[in-house]
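Could you put the whole structure together from the sequences, leaning on the hints where they help?
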Amino acid sequence: MRSLLVTAVAVALVATAAAAAPDFAALKVQPYEPPKAAPEFSLPDLDGKTVRLADFRGKALLLFFWATW
Amino acid sequence: MPQFEAMGAQVVGVSADAPGTLGAFQKENNISKQILAADWPRREMLQKYDAMVTDEKSPVFRYAKRAYFILDKSGTVKYMKVMDNPTVILSADEVIKAIKDSGAA
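Taken in order, these protein sequences are the chains called D and Z. Here the numbering used here is used: the first residue of the first sequence is 1, the next is one more, and so on. Here the numbering used here is used: the first residue of the second sequence is 1001, the next is one more, and so on.
The hints are simulated quantities; they were obtained by calculation from the structure and are not laboratory data. Just so you know, not all the hints are guaranteed correct.
List time: in silico DSS-like cross-link candidates among lysine-lysine, alpha-carbon distance up to 27 Å [what the hints assert, rightly or not]:
1. K59(D) <-> K1097(Z)
2. K28(D) <-> K1027(Z)
3. K36(D) <-> K1048(Z)
4. K1097(Z) <-> K36(D)
5. K28(D) <-> K1033(Z)
6. K1100(Z) <-> K36(D)
7. K1097(Z) <-> K49(D)
8. K28(D) <-> K1097(Z)
9. K28(D) <-> K1100(Z)
To give an idea of the chain Z side of the interface with chain D (calculated C-beta under 8 Å), a few residues [unchecked claim]:
10. G1023
11. A1038
12. Y1079
13. K1081
14. N1085
Since the model is a prediction, treat every value here as computed from it, not as a measurement. Heads up, the beta-carbon is just placed ideally off N, CA and C, and yes, glycines get one too.
Below, the structure is given as structure tokens:
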């Protein structure tokens, strides 16, 4: 009985994990694997102030690259 | 942008253009997000992120590719999307979904 319960819990956990797994297929967004520390950078903003990657620690960050193609 | 802030995420734009060009672009388009100029030195930052066009035959050689990098609170890259075709763009809703689903925010 006990092992049945453990199995049921394990199955439920796996099911939950599967349900929570991000579905990026439609967006074609790829997991970055293995996740690694983003390369440091130090760049000027438009006021000439130097901005470093470290300045953004503590919050999620979307780095969006583009150009005037 | 308010949707991003509401989930505790910041948005930073990075471009290979010069600060003056970007300033005009920001003003014209009334953009509130922070913009960084990656044209100097030698567009090294774009290369570090593998987000620079390196095909010499491309008309946009050495410009930034359209790319999205989602970093979590510790500065770890969790998800990325680098476009081969810069005219393809994710909608704000799609990007918000990606940030939420990635667990970064």
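Now for the hints, and whether the structure bears them out:
1. K59(D) <-> K1097(Z): Measuring from Cα to Cα gives roughly 17 Å; hence the hint holds.
2. K28(D) <-> K1027(Z): 32 Å, violated
3. K36(D) <-> K1048(Z): 13 Å, holds
4. K1097(Z) <-> K36(D): 21 Å, holds
5. K28(D) <-> K1033(Z): At roughly 25 Å apart (the allowed maximum being 27 Å), K1033(Z) and K28(D) satisfy the hint.
6. K1100(Z) <-> K36(D): Measuring from Cα to Cα gives roughly 19 Å; hence the hint holds.
7. K1097(Z) <-> K49(D): Not OK: K1097(Z) and K49(D) at ~31 Å, beyond 27 Å, violated.
8. K28(D) <-> K1097(Z): Given pair K28(D), K1097(Z) holds - Cα atoms ~12 Å apart, limit 27 Å.
9. K28(D) <-> K1100(Z): 15 Å, holds
10. G1023: 5 Å, holds
11. A1038: Holds - the Cβ of A1038(Z) comes within 8 Å of chain D, reaching about 6 Å at its closest.
12. Y1079: Holds: closest Cβ of chain D sits about 5 Å from Y1079(Z), inside 8 Å.
13. K1081: Nearest chain D Cβ about 5 Å off; hint holds.
14. N1085: 10 Å, violated
Consistency with the previously given hints fails for numbers 2, 7 and 14, ordered from lowest to highest.
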